[in-house]
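Chemist: Sequence:
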Amino acid sequence: MYRSAISTASIDGLVLAEIGAILIFLGLAALLATVLRFSVVPIFLLTGLAFGEGGIIPLKLSDNFLTLGAQMGAILLLLLLGLEYSAAELIGEMKRRKSLGAIDLLLNFLPGAFVAIALGWGYVGAMALGGITYVSSSGIASQFIRDGKLQKRGSTKKAVSILVIEDLFLAPYLPILSAAISSIGVITGLVTISGALVITGVVLLFSARGNHIPHTPLMLSDSAALLLTVFGSTLLAAGLASYIGFSGAVAAFLVGLLLTGDIAVVARVRLAPLRDLFAAIFFLFFGLRTDPAEIPPVLIISLFLAAVGIFTKYLTAKWAARNSNDSVMAIAALLIPRGEFSIVIAGLTSTLAFNSRLQAITITYVLITTIFGSILIRKLGKDSN
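According to our numbering, the sequence shown is numbered sequentially starting from 2.
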């Protein structure tokens, strides 16, 4: 028994050491990306490819931690997204920019949907790949804006308005996609999708009328209480949602929409470091789950989608900048990168037969668009100096 305990402790020590080494590497990668004014997402994804299945040195000991950490990363990403807006703000923004939002959706959703249909993936595949090619990365755009001090530019405000509309699109889209993936037959699918729409509609209506999850003023001043209750409530909702076949990440987004006012502002600040930690693990894990050998067969498709995606976001930016002197390229540079939400969408399809190909396309697509956007934003920054 004594020998067994020593052996177990040794294994646990190696697991902790591997996790520590992973976090140190991710931290150094994030620091390098900041210095270079480059998005860290491609670095995390490439690291996952290098150390995952089919990579140089597969990570085996910390597999359970990374799996759970990636799930928490997706949950926190969507929780923080929900905390950014109230339902009233989302609905108001949609009304003000409905023509721009419609053009952005058509230009960027349809190419992915058509490719999925051509590949024989059906309507579910079309919904998934269409969403992957449509939704820009709010996280990467925020990083670009923060690093380049672009907050006061007119082009930045226009790009942010488009990003807000795309984030709004996720509110009904993610539950519907999740329901479509989990449905079995036509009748079951209709019932499941209807249920997803009802849940989302009730949350949006509840929030839009100024209602919110109750809280005490004391909670706002106690960082530990706020962090534990908000994060705990989100995990509880995500866990229960997953148990009944609903997406846990989508449930986290709806929880975020229900938290409004001061508690949302304080929660964003308190939870941001936790999100950054687990989001890094989330991107790493997506790379770990993708076999590099899967990429060459879909490289032509990925390059085609990336080229089309860059061009269609440029067209969206051109439409947004019409009748103004704002830089089209500056708007496009913030819209071109796809990132966390494209990967979340691909992750939702894990039970489908074509998931491995979709993951390979998604990771290549995200890498190309993110690297291109990073290069473009750096060039624009140099030109403005």
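These are calculated hints, taken from the structure and not from any lab test. Incorrect hints may have been included.
[What the hints assert, rightly or not] Distance condition first, Cα-Cα at most 35 Å in a straight line; then the derived DSBU-like pairs of lysine-lysine:
(1) K380 to K319
(2) K319 to K158
(3) K150 to K380
(4) K380 to K158
(5) K319 to K150
Chemist: All the hints need checking, so say for each whether the structure fits it.
Modeler: Quick rundown of the hints versus the structure:
Proximity of K380 to K319 is assessed by CA-CA distance (about 19 Å); at most 35 Å being required, the pair is judged to hold. Among the hinted pairs, K319 with K158 is consistent with the structure: their alpha-carbon atoms are about 14 Å apart, no more than 35 Å. Restraint check for K150 and K380: the C-alpha separation of about 15 Å stays at or below 35 Å, so the hint holds. The hinted pair formed by K380 and K158 meets the criterion: a straight-line CA distance of about 20 Å does not exceed 35 Å.
Between K319 and K150, the direct Cα distance comes to roughly 22 Å. Compliance with the 35 Å bound is thereby established for this hinted pair.
Going down the numbered hints, you'll see the structure goes against none, and every one checks out.
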